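Chains R and X are the protein sequences, given in the same order. Every letter in the first sequence is one number past the one before it in numbering that gives the first Met the number 0, and letter 254, counting from 1, is 253. Every letter in the second sequence is one number past the one before it in numbering that gives the first Met the number 0, and letter 168, counting from 1, is 167.
Misleading hints may appear alongside valid ones.
[What the hints assert, rightly or not] Below are the EDC-like pairs computed for lysine to aspartate or glutamate, each with C-alpha atoms no more than 20 Å apart in a straight line:
| id | chain 1 | residue 1 | chain 2 | residue 2 |
| --- | --- | --- | --- | --- |
| 1 | X | Lys-85 | R | Glu-135 |
| 2 | R | Lys-315 | R | Asp-183 |
| 3 | X | Lys-85 | R | Asp-313 |
| 4 | R | Lys-237 | R | Glu-293 |
| 5 | R | Lys-315 | X | Glu-87 |
| 6 | X | Lys-37 | X | Asp-91 |
| 7 | R | Lys-247 | R | Asp-349 |
| 8 | R | Lys-315 | X | Asp-91 |
| 9 | X | Lys-11 | R | Glu-267 |
For the record, the hints were derived by calculation from the structure and aren't laboratory data. The structure presented is a predicted model; accordingly, all values stated were derived computationally and were not measured.
So the chains spell out like this:
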Amino acid sequence: MNILIKNGHVVDPANKVDEKLDILISGNRIAGIGKPGSIGSEGAQVMDASGKVVVPGLIDMHVHLREPGYEYKENIATGTAAAKAGGFTSLCCMPNTNPVNDTGSVTEFILSQAAKSGSARVYPVGAVTKGSKGEELAEMGELHGSGCVAVSDDGRPVMNGAIMRRAMEYSKIFGIPVLSHCEDANLSAKGVMNEGALSTELGLRGIPSAAEDSMTARDIFLAELTGCRLHLCHVSTKGAVALIREAKARGLAVTAETCPHYFTLTDEAVRGYNTMAKMNPPLRTAEDVQAIKEGLRDGTIDVIATDHAPHGMDEKTVEFEYAPFGIVGLETALGLSLRLVQEGVLSLTDLVRKMSLNPAVILKINRGTLSSGAEADITIIDPDLEWTVDAAVFKSRSRNTPFDGWKLKGRAVQTIMGGRV
Amino acid sequence: MSLSSKDLLGIKGMSPEEIRLVLDTAASFKDVSERDIKKVPALRGKTVINLFYEPSTRTRTSFELAGKRLSADVLNISTTTSSVVKGETLLDTARNIEAMKCDVLILRHPCSGAPAFLASRLKSSVINAGDGFHEHPTQALLDLFTIREKLGTIEGRTVAIVGDIAHSRVARSNIYGLTALGARVRVCGPATMIPYGIEQSGVEVFYDADRAVDGVDVIMTLRLQLERQAAGLFPGVREYARLYGLNRDRLSRAGKNAMVMHPGPMNRGVEISSDVADSSSVILDQVTNGVAVRMAIMFLLSGGAKAEAS
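Same shape as in the complex, but just chain R (with noise of 0.2 Å):
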């Protein structure tokens, strides 16, 4: 079937295009682009998308689906269905699952899973350790042979320095990329916010911003010894945007990703121990988030994602110190990411960059652009449609958002997935 989407702003970096186009979808594939009444729509659905932006499939490189072994926080059904209402038509999955995907096996089931269930494509990332225990490397040539497109142990850094350097070697062996999270595990030991003079007051245990810093400088460091092509996951201080931005100056094939919690809330979002506002690292001070904006900015910080991390009501609903870190943000990503739009951090050209064309250069996965002939996965955003955001009504399994009852402007209306409406 074919399908027309006329009139709508299409914004595609890959191919510089910034302008009102139609788009005529050919069963899974682009068939052409091209001015408005340009291309014939005899026996194509049309689709009207005046007053809307029609961009690449958005493209989410940091989710965690929780299956297998904690399908009551998420599954692939219930994580895939909030991309694609998010805008989302492709997400990397983190392997810090149970069991881990650390084996040739579990990346099969999640994409079988996802096969059978899933309303976005998933590229599962493997672990880089054996059970992410940061002891011995796993077997990334199966991973990897298996549809891995890329290595973490996301949530449990890799604490032995030499360790991470025998993985980011042997990375190199497959292309892939290594997603560090860069943590300190001993600097944040039982931290559970950011340490300063709000976790004084609240006599919360602080993760000083130092603790993220020295291990993206040892990241970075070691990137430099091997070679490899190192990410960096959800950059949350300004410390890392400065020694990030003077990497990329020095040639390195450094990339780094932050998420929309990171340049719209700080820690005072905490007071009241609201556990809704408690994840890994955790929200900074106004400098780190005006940081973050410059880094987006200037190009420093390549990507937008947004570490969507389920988890139970029941569990957030405790004692700070014992909530899970943690927060759900497919569905939120692009209503809050578009306000750097409106405020002029981003044009939305740079914000398509980050958020579909920039993972997919660094993933190596063949999306990202609505070139003639690509697989035609396309979103098409309303940015101006004002709307409140409901927890309640997340296609998500849990509802664990800082962000409930926000007021954003912009949403996706449209989500096509090879296609597929």
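Assemble chain X onto chain R, guided by the hints.
Just chain X, lined up with the frame of chain R:
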């Protein structure tokens, strides 16, 4: 006048007037404990529950006596013999207690914010009997009461709080209460035990204990938790006692009639020498006053006003 909140979660957020109301009310309750018949009918028919998730002798007993001297029915729940060991959540435990109709729930908990967490979900009055490193408001109120009783005024006095400020709920509550009532506060301890940004609460920070106590009206020494040594916060008890312990010599640098306070339990010979504790301190007066202050808090939270108390 009455208190603005149904709960007592911390000193931060209390106005100076509210703090003075508690102290004035406590003054009128103090003599109840001195009588032959140590009981008034103020809270007859009310139910008070002590829910303690940490070991405590002084605070739990003090709350229990305070409730009983007000004629309330007081129950103690110790978590080692309760459903907590079966994995029941704090919220479920508290809701079950409330279902049996309690009026005042007194909570001690190792997690900062646990009383606030319950207070927003329960109808009962919640009294924070110490939460994590956050606050211990009744301790600060009894300390303020004791200072006012001994020195007449708090405004303009200089108070040095010496010890592990970072992990002390007593220090935080006292900093808020003392500064609210116009005292100057110095905090002193090893740099590893001074928390980030504490000077933003209006205190002066010292690492040198001799300088910190110089000329002060009050010295509060804090209990040193010996397990902090393993975490690298101090090299050993010997050096701690030498640098921060309050002994006769160090005390002589303070004001002539300086008061020495300690919230208990003491490590004798570590943060305080025995001769100072036994002959120059008001430690047992603090304990005595604790009952009166806790009577005042329970009375005020249960809707009593100052006039009735006297």
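Structure-based check of each hint:
| no. | hint | verdict |
| --- | --- | --- |
| 1 | X/Lys-85 with R/Glu-135 | 37 Å, violated |
| 2 | R/Lys-315 with R/Asp-183 | 25 Å, violated |
| 3 | X/Lys-85 with R/Asp-313 | 17 Å, holds |
| 4 | R/Lys-237 with R/Glu-293 | 10 Å, holds |
| 5 | R/Lys-315 with X/Glu-87 | 15 Å, holds |
| 6 | X/Lys-37 with X/Asp-91 | 35 Å, violated |
| 7 | R/Lys-247 with R/Asp-349 | 18 Å, holds |
| 8 | R/Lys-315 with X/Asp-91 | 14 Å, holds |
| 9 | X/Lys-11 with R/Glu-267 | 16 Å, holds |
Hint check: violations occur at hints 1, 2 and 6; the rest are consistent with the structure.
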